[in-house]
Structure formats: C-alpha cells, structure tokens
Amino acid sequence: MRPLPVIDGPDKPFWRALRRREVEVQRCRDCGTHRFPATRTCAHCRSDESEWVAVAPTGMIETWCVFHRPYFEDLPVPYTVIQVRLDCGVRLFSNPAGIEASALRIGMPVEAVFEDVTADVTLLKFKPKDA
Amino acid sequence: MGSTGSAVVGVGHTRYGRLPEFDAYELGLWALKDALADAGLRFDDIDGLIVNRIPDYQRFCEIAGIDPAYVNITPGQGRFSGICIETAAALIRDGLATTVALVYGNNGRSAGDRYGGAADTYGSGGAGNWFPYGMTSPGAFHALMVRRHMELYGTTPDQLGTISKTFRDHAALNPSAVMRTPFTLADYHASRFICEPLHLLDYCLINDGGVALILTSAERARDLKAPPVYLRGYGMATTLVGSTFPPDDFWRESLRKASARSFEMAGVTRADISTLMIYDNFTPTVLFSLEGCGYCGEGESGPFVAEGHLALGNRYPTNTSGGHLSESYMQGWALNLEAVLQVRGHCGERQVKDCAFAHYMAAAPVVTSIIYGKEPS
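Protein sequences, first through last, are from chains A and B. Okay, so the first sequence: first residue is 29 according to our numbering, each after it adds one. Okay, so the second sequence: first residue is -6 according to our numbering, each after it adds one.
In case anyone wonders, no lab produced these hints; they're calculated from the structure. In this text, all values refer to a predicted model and were calculated from it rather than measured experimentally. Just so you know, even glycine gets a beta-carbon here, dropped at the ideal spot from N, CA and C. Possibly wrong hints are sitting among the right ones.
Output of the computed footprint for chain B on chain A, the stretches with three or more beta carbons under 8 Å from beta carbons of chain B [said to hold, decoys possible]:
hint	segment
1	102 to 111
2	121 to 128
Distance ranges between label pairs, derived from CB positions [said to hold, decoys possible]:
hint	chain 1	residue 1	chain 2	residue 2	range
3	B	PRO369	A	SER75	49 to 57 Å
4	A	GLY117	B	ASP216	56 to 64 Å
5	B	GLY121	A	CYS59	21 to 29 Å
6	B	GLY290	A	THR67	33 to 41 Å
7	A	ALA66	B	PRO369	51 to 59 Å
Assemble the whole structure, with the sequences as input and the hints as a guide.
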C-alpha cells in the first residue's frame, strides 16, 4: 500500500480543502504568518490564535532530488521530490506533475495540481505555471 | 593563545563493522575500558558520565559498576558528539566533575537500523507528513541541499566524488577502517544512485562500534599516562527554526558563528590548523563545512576540493581515518578520536606532519566546532 497522510488529525482542513481543489493553510490571527503543518502556537509571534485560510495555489521550485532506492511499497522508483515555496511563504515537499526532473530549475514558477489517490485522499502536486 | 582548561587524556574504540554478538551497552563499555587503559585511569576515577546512543544511562552505570557524581544521556544523532565534548569541558571548568567519560555505543548495523521509510524520524520529527510524496531519509535531505548548491554555484558530481575517493584513499592507510579498497572517479560514477544526485559512495556506512573519550582538567592531564591533547576552543550554534526543510544558507551562518568562537577561544586562525575532521554523513556536508568555516569562499567549495587540498600530504588533510564514508559511521566520535591521535602524532602511515592543531566541525541543525592542540595554551 502507498503511504497515505493522516487526514483526520490537526491538518484536517488542509486535506478537506484539497478535495475542493483549494489550498488552505493555518494563518496566525495576530501576526499573519502562514504555517503548515498545524501547530497550536505561531513560531513567529507565539500567539495561540489562528485560522485556516485559502491561499494562492502557486509558488516556486526551491530544489529537487530523484529517488532511486525504494523506501515505500507501491511507490515505484525512480520518482522526483520537489521542495516548493508557496507564494504565502509556506514550504512543502511534493512531486512534480507533467515535467521531467531534468527540466526543473530553481525559481521555476509552479501551480497546484490536485491528484486524487483514494476515495478520501487528494495529494497536492505541482506543474510548471502556464504549462 | 587561549584554552578551555580541559584536555582529552584517554581515547578508546571497539572494532568497527558487524558485531552482532554485542549490544550498544557492551560496545560502549568495550570502548570505555580501552580509553581508561589509554589514560591509565580506573573506573572509580570517573566522576562524570555522558552516554550517547546507548539506550539508558542507569543500565550502563549498573553494567559498568560506576556511580559518577554527574550523569547525562543524549540522543543518537551525530550532532551530539560535539555537544557532549563541549559540555564535558564546561562541567570540568565549573567543577561539577573532574574526570568525564563520554561513551558512545552503536549497534545500528546488527539491529537493522534504517534511515528512511515509515520509521524515519530525521529532522524535527515531522518527516511523516511527507511520506505520501515519497520524501524520506537524511540522504534525500542532503541530496536536496546539494542539488541547490549545484544549481547556484556549478558544483559538480566529480567534485563530490573527489571527496569520497580522497577519504577512501585515507582509509586504505587505517587498519581500523571498514572500507579500505581504493576506487577511481569512474567507479564513483558507476556506483548506483540512492537519491540523485547522491550515489551510494556519497553515503556514510552503517555499522556497529563504540568510542569513548576521557576528559579532565589541563592541569591534571599533565600527570596522566597518555600525552594530553588540549581542547583549545569550541563553539556551537543552531539553525532549528524551519528545520524540517534544508536551510537556505547551507548552515553557513551557524558554521561561521561556531567556528569564529572556537578560533577566538583557541587564539589561533585557520592558518594554524594542520588537519580537518569534517562530519561526513554525506559528501555535501564537507562542502558546506569548508565554506561555513571559511576555508574557502561562498560557493567555492567544489573547486576547492577538486584542487586536492583535502588529501594527505596537501594543505588540509581531512578525515585522515577515512571518516564516516570509509572508516566507520561513529557519528562524529571517531573523527574526534582521530583528531586526538593526529595531535598526539600516533597515526602511523596516515600521520599529518607536525600536527599542532586539528579542527573538528559538524554541519547540521546544531553546528559544533572544536579545536584541539598539542600545547595547553
């Protein structure tokens, strides 16, 4: 079985939003800093007040690597992992959609691709913007 | 010139490799016996103990039959070797202990430890969030970092291969090393990718073993059996905020701060250093360490290593034991041991000529920098 996220934990709003083809992350009500995964306290201003908000589903590639050794059943190698910084500042690990690793570049603008992997789980992947 | 007031007076280690008949406690105790014999000290002389990677300090003391006045336990992460050594010096200076034993035992090879997949806890413990995308393992974290270094500065696979090959050449001169057969750059390129751009030969070994160091005051060190190696300076700095992801600056700022403090405390500069011991869990950390500690400029570490400076006989012989890549993955401990042996002049075929100062550094979310010297101040 492929590794699946815990969709009913503290990040539930994130996973529910992906089903609706939206990206939601936590935002501090006091200083406005976005964060993901969920934490009770803002690491920037230490406020406990937060809300889940929709953010632009766009960002840029910071770096990437290509797995040749398998670590998980049902995730066949080779596969590429990208590090993406969303425009709201939140960083994510993800996979590229519709682009080979050899064509990736640092700073490449990307936009969200929503990939349904089970009846309940949608993963957030990225393709080159305007592609 | 400066000093921390303490010295390493005993070093010990087990054989390295596959030792399935020993658990982590037994490996640690083996190394500690060896270190006490080296120092000419007895178990009862130990009044401070910090264990690392050994599961439980109480059990260890019960097995070793000791009741130290001070005891502590640290997690099995390589960054903790430097932290333990710096802490031991502080304990000695503040009088909490006079003779501190640092004991490391690692049965990871025989216990089947894995550094990736469902049990992965590398980073800040948040690794599991990214398993659905296949992201896992410290190796992948360093692959992401070095890919960015390659894109920003033009660092090449040949330059990484040179690091790995150089350390293997050193290991060939070290009877304790697990991997001693030299290889060529062509062999490096032919070794399989684990997480591209990193090949198998960019990864450290996974093996069993133990290391122990004994520290005491510089004053007391003079009366003991082994030639003292003085802890001349140390520094530490952290990059923990946002550390689920690689740092934008390759830990450069932490390395700069920690190394500057250690140089200042020691009263020396890079020009005085004879040999480098660089924490090499993966080849890229060697690049980051050289840049952060100022041995070359920002982005210049690739050409710097390709010029051969890290090889024995050249300006900064590095990881003369073979390091984690070829000697043994003792999570920084065996590199500190090698620093001590080099300063003592006990390294045989791989001895660095006129070795007055050795510099240990570890690039990680917690950076440590330690300078060892032959003279007390």
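Q.
Flag every earlier hint the structure violates by its number, smallest first.
A. Per hint list: zero violations.
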